[in-house]
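Peer 1: With the hints as constraints, model all of the structure from the sequences given.
These are the residues of each chain, in order.
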Amino acid sequence: MQTSEHSPPVSAWVDSLRHEVEAGPHPQLPDFDPFDIESFLPDNDGLFADDLGALSTGDSSHGSSTFDPSLQVPLDGIYSSANFQEDAAFLQAAQFGTGPTEDVNLPPPPMVTSPTSDWYLPPPELGTTLLAEFLTDLNTAYPLYQPHVIADHLRTCYAGLPDDSAIAWTSAYIVFGMAHHMRGMSAAGASHNMEMAQYYLARAYSTLDTLLAAPPSLGQVQCLVGIALLIIASPSGHKKTAGQFVSTALRVIRSLANEGKKINPTAQELSDGAQQRRVFWICFTNDISLSILSNTQPTHQLQDVANCSDFVADELGALTATEGTWRAHIFWLFTRIALLQTEAIDQVLSRKTCNTTSLDLSAATTIVLARLQAFHEQHHIFHLCAVQLEQILYPADICHCVALEAYYFGTVYRLHAFMAIDMNSETNPFELDGLIRMSKMKQHKTYLEARRLLSLLPVAPRGNVALYW
Amino acid sequence: MVYPYLVAALVTILAHHIQNSAEKGPPTAEMHIFKQLIADLDAMVLAGDNADLEGKRNLCKCLLSAFEARQNAYAIGGVTGCIAVTS
Chain A
1 MQTSEHSPPV
11 SAWVDSLRHE
21 VEAGPHPQLP
31 DFDPFDIESF
41 LPDNDGLFAD
51 DLGALSTGDS
61 SHGSSTFDPS
71 LQVPLDGIYS
81 SANFQEDAAF
91 LQAAQFGTGP
101 TEDVNLPPPP
111 MVTSPTSDWY
121 LPPPELGTTL
131 LAEFLTDLNT
141 AYPLYQPHVI
151 ADHLRTCYAG
161 LPDDSAIAWT
171 SAYIVFGMAH
181 HMRGMSAAGA
191 SHNMEMAQYY
201 LARAYSTLDT
211 LLAAPPSLGQ
221 VQCLVGIALL
231 IIASPSGHKK
241 TAGQFVSTAL
251 RVIRSLANEG
261 KKINPTAQEL
271 SDGAQQRRVF
281 WICFTNDISL
291 SILSNTQPTH
301 QLQDVANCSD
311 FVADELGALT
321 ATEGTWRAHI
331 FWLFTRIALL
341 QTEAIDQVLS
351 RKTCNTTSLD
361 LSAATTIVLA
371 RLQAFHEQHH
381 IFHLCAVQLE
391 QILYPADICH
401 CVALEAYYFG
411 TVYRLHAFMA
421 IDMNSETNPF
431 ELDGLIRMSK
441 MKQHKTYLEA
451 RRLLSLLPVA
461 PRGNVALYW
Chain B
1 MVYPYLVAAL
11 VTILAHHIQN
21 SAEKGPPTAE
31 MHIFKQLIAD
41 LDAMVLAGDN
51 ADLEGKRNLC
61 KCLLSAFEAR
71 QNAYAIGGVT
81 GCIAVTS
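Chains as they are written, first to last, in my numbering: chain A, 1 to 469; chain B, 1 to 87.
Calculated directly from the structure, the hints in this document are not laboratory data. Check each hint, because a few of them may be wrong.
[Claimed, not checked] Calculated lysine-lysine pairs in the DSSO-like style (CA-CA distance at most 27 Å, straight line):
1. K239(A) <-> K24(B)
2. K239(A) <-> K352(A)
3. K442(A) <-> K61(B)
[What the hints assert, rightly or not] Okay, the calculated beta carbon distance ranges per label pair:
4. L46(B) <-> Q268(A): 46 to 52 Å
5. D15(A) <-> A69(B): 35 to 41 Å
6. K24(B) <-> S217(A): 54 to 60 Å
7. L46(B) <-> D15(A): 36 to 42 Å
8. E68(B) <-> H383(A): 28 to 34 Å
9. E20(A) <-> A69(B): 43 to 49 Å
Quick caveat: nothing in here was measured; it's all calculated off a predicted structure. Using N, Cα and C, we set each Cβ at its ideal position, and we do this for glycine too.
Peer 2: Here it is in structure tokens:
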């Protein structure tokens with residue numbers, strides 16, 4: 001990635017975000033008490049007490065020195081449930097990831113902070129389940145975390161470490177929040193999951209003072225973009241804040257990438273570098289899609305990321321069929337469409353094209369549209385109808401297909417709208433005024449693309465769910 | 001956050017049929033999708049304090065009503081030409 005010589009230091013952008021957060025609206029905690037353990041188990045038969053007991057009845061020789069005795073919950077005579085033993089093993093399992101876990105000082109079983117603490121974690125069995133659902137349903141397509149890294153973050157939190165572990169705690173809240181969003185989109189979805197996700201967003205927000213004061217790191221970037229994803233997925237009317245988080249995250253990770261180049265990297269550094277690239281692309285795809293929707297300048301231009309096009313699809317970021325060998329590298333497809341969106345902005349929609357002649361703008365629009373069409377025709381996933389998607393994919397993965405199709409439609413629609421509305425890029429065809437103008441047009445060149453997008457909705461989660469928000 | 005794309009898609013389809021009412025309308029199954037999408041937007045308006053979304057939902061409802069009125073008029077051999085859409 002190239003850097004602009006005169007761009008402000010990344011710390012200035014982080015400070016700016018800190019001020020924005022201080023001055024702006026904060027997500028409110030929902031009007032319920034997650035510490036009310038009855039809400040987790042309507043037919044409380046003691047199982048939850050088993051789970052809670054498991055938190056403090058483990059082998060004290062395993063890192064118990066990290067526990068704050070004041071937070072210990074007295075649970076005489078209560079022993080770990082079999083389920084929790086499995087969960088604890090899951091949190092410690094090497095299969096979680098490829099990274100080294102043996103050198104981590106594991107403190108099993110974990111410890112929850114007391115209900116009077118500002119910090120909250122769900123019971124470990126629920127926490128483990130939420131982590132597994134996050135990894136399976138979201139992280140597979142959208143590889144925000146290396147599994148062993150996020151598992152370590154959760155271990156840190158369940159070990160009851162103090163509040164200065166902001167990255168671990170914020171990451172945990174992000175994972176739990178997003179997992180609740182994914183649950184809300186499942187067949188068993190309920191508004192309770194939206195409320196829980198909102199709860200974790202508010203909790204994550206409360207860590208920002210510490211998080212933004214920390215030195216730049218990959219973990220910090222993951223937290224910033226993770227909070228942005230929680231904002232985007234929530235019913236909040238303050239979506240613009242998400243753009244500020246994403247933009248800052250993008251600047252920080254770009255700075256890290258430029259600083260971290262080594263001539264002979266170790267295997268660990270290569271692995272970390274690969275994850276850094278994935279997180280960069282998550283930031284980048286969100287930055288660009290928010291720019292398309294809000295009609296604002298993206299953080300980067302195409303020339304800034306021109307030499308990133310060697311990003312290759314790998315195992316992280318792929319959707320696999322429920323049966324058979326079919327797979328789609330959905331994350332890679334998101335990165336490709338983000339590059340096409342960047343091209344659309346740079347060549348057509350950007351303010352820097354204001355001096356370009358109509359003829360040249362028309363030609364540029366035609367070229368980008370042709371590239372978008374070729375992209376759509378080239379990939380099999382775009383040729384599958386709703387019924388086929390439902391037959392091939394797990395329900396959670398259909399969300400990613402709908403989002404990808406929506407990004408494609410949105411980009412084509414944006415370019416055609418630009419041409420239809422007198423090549424005036426200041427009119428946003430996603431806003432109400434722009435929509436009204438578009439509705440009065442005789443010719444709608446994205447009619448087929450619009451039908452294709454809406455045809456997928458019957459097999460996707462719908463309504464008041466994260467996908468729609 | 002796909003609802004802005006979905007709204008744009010719905011506006012595109014309904015506006016196309018309103019402005020080109022001589023063309024065959026969408027099949028029943030697609031009409032069901034459109035109505036369900038508006039019901040989804042209703043649910044979202046109820047769930048969140050979002051005036052922007054409410055305005056877009058109202059536009060979609062207005063367009064759907066205009067489209068259905070147009071279809072009915074066309075079916076009984078009446079109106080041609082365009083109608084204005086306001087919200």
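Peer 1: What hint numbers does the structure not satisfy?
Peer 2: Of the numbered hints given earlier, those the structure breaks are 1, 5, listed in rising order.
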